[in-house]
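*Asks:* Next come the chains, spelled out residue by residue.
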Amino acid sequence: MKCGNVRKLLSDHLDDELPANVKVQVDEHLAACPDCANEHARLAMLLEDLSRMGGAAAPWDFWPDVRKRVEVAALRQRLWPRFVLIVRRPLVAIPAIATAAAIAALVTWTILPPGTARVARTDRAYYADYARAYSHYRSQQLLADPDVMAAAVEIADSSMQEDVGE
Amino acid sequence: MRGSNWVRNAASSLARLPRHRNMDDLSDEATIERVRGGDPEAYSVLVRRYQDRLYSTVLSYVRSPEDAVDLTQEAFVKAYLNLQSYQGGAAFYTWLYRIAVNSAIDFIRRRSGKQIDSLDDEKYQEVGFEPAATDEHSSPSRMLARSETRRMLRNAIDALSEKLRTAIILHDVEGLSQEEVAEILRCPIGTVKSRVSRARQEVREALADYLERGD
Chain A
7 MKCGNVRKLL SDHLDDELPA NVKVQVDEHL AACPDCANEH ARLAMLLEDL SRMGGAAAPW
67 DFWPDVRKRV EVAALRQRLW PRFVLIVRRP LVAIPAIATA AAIAALVTWT ILPPGTARVA
127 RTDRAYYADY ARAYSHYRSQ QLLADPDVMA AAVEIADSSM QEDVGE
Chain B
4 MRGSNWVRNA ASSLARLPRH RNMDDLSDEA TIERVRGGDP EAYSVLVRRY QDRLYSTVLS
64 YVRSPEDAVD LTQEAFVKAY LNLQSYQGGA AFYTWLYRIA VNSAIDFIRR RSGKQIDSLD
124 DEKYQEVGFE PAATDEHSSP SRMLARSETR RMLRNAIDAL SEKLRTAIIL HDVEGLSQEE
184 VAEILRCPIG TVKSRVSRAR QEVREALADY LERGD
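Sequences listed follow chains A and B, in order. Read left to right, the first sequence gives residues 7 to 172 (this note's numbering). Read left to right, the second sequence gives residues 4 to 218 (this note's numbering).
Think of the hints as simulated: they come from the structure by calculation, not from any bench. Given the structure is predicted, the values throughout are model-derived calculations rather than measurements. Where a beta carbon is used, it is the ideal one built from N, C-alpha and C, also for glycine. There could be a bad hint or two in this list.
[What the hints assert, rightly or not] Derived lysine-lysine pairs resembling BS3-like cross-links, with alpha carbons at most 27 Å apart:
id	chain 1	residue 1	chain 2	residue 2
1	A	Lys29	B	Lys81
2	A	Lys74	B	Lys81
3	B	Lys81	B	Lys166
4	B	Lys81	A	Lys8
[To be verified] Only part of the chain B face toward chain A is listed, based on derived beta-carbon distances under 8 Å:
id	residue
5	Val38
6	Val50
7	Tyr58
8	Leu62
9	Gln76
10	Tyr83
11	Leu86
12	Leu156
13	Ile171
14	Ala209
15	Leu210
[Claimed, not checked] Derived Cβ-Cβ restraints for the label pairs, each shown as a range:
id	chain 1	residue 1	chain 2	residue 2	range
16	B	Glu151	A	Val78	36 to 44 Å
17	B	Cys190	A	Lys14	16 to 24 Å
18	A	Gly61	B	Glu208	42 to 50 Å
19	B	Ser30	A	Pro40	44 to 52 Å
20	B	Arg112	A	Val78	19 to 27 Å
21	B	Arg51	A	Lys14	41 to 49 Å
22	A	Ala104	B	Ser30	26 to 34 Å
23	B	Glu165	A	Arg84	31 to 39 Å
24	B	Ser30	A	Ala43	15 to 23 Å
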């Protein structure tokens, strides 16, 4: 048996999965071929290292935590399935979402604080009073400005002269 | 009230079941019948029986003890919630293994972009992953060499494709037979054999340089 064929069978040989007659041929080759024998030994060492990687133990308090999670999950399963199954249907979901949005808008509109509502609403009368008061305040500010006063006097003099000239 | 009816039904179901001095002696099927009959505490028998094996398998995938504990607990919860659908065609533990392996694979897929933290041997000793060396001939250099070998093995296994990694973990790391692995993965035994062989070959090639230096 050639080395290439033997190398392909080494994995099954180590698992004791080869037919008896094939195993005999592989054993004879390994006895005669140092390279294949080394490869066989390295593969055996690899399998031994892999087997040592397992065997971890779960923490000592594993079952109490599992029991708590089972109780919660079982309770959730009892409460939710019918609700979820119903709400998932489009003919139920769409009107439900629209209704919920309308209710949310109505609640927001009615429970806003009084000041917030006044500011939000356009109160024409209130705004008109405010605009007049501000305009008077601004005009008074301008009259206190010396440059503005000087310009106003010039304009007034020129208009008086025009009247006199007529 | 519904609560009192449930208690009466559970009590009558329990009365019909055969008495056992020690529930740990019950087979998996008998224990499942007790759980279905309204004795959730009986589930502790199954959990204690398979928690270490399942945890070890999941840990081989996710490499984080905290994540492995969480995923293994979740697998037991899923199994409990779906006990009614368990038909008994396959052995209970292979069904349980399948749930755990699928959970671990899904977790790795979700985490695929994140960095995997290196493992701390002390942390593993705490939760029992790596038993403390009791061999009086274990020198520090030998322990270091073994630790390095394990690290390289883990990296080599992580580099495998999902199918090959699953096959080598279940068969070579956890020691399940090819028939058991085929039942868990729901594939032919020949496929399992082929995947195990290819996985070993790829791991062997990845470790070739290191093993040759050790000769």
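*Asks:* Of the hints given before, which are not true for this structure?
*Replies:* Going through the list in order, the structure violates hints 1, 4, 5, 11, 14, 18, 22 and 24 and respects the others.
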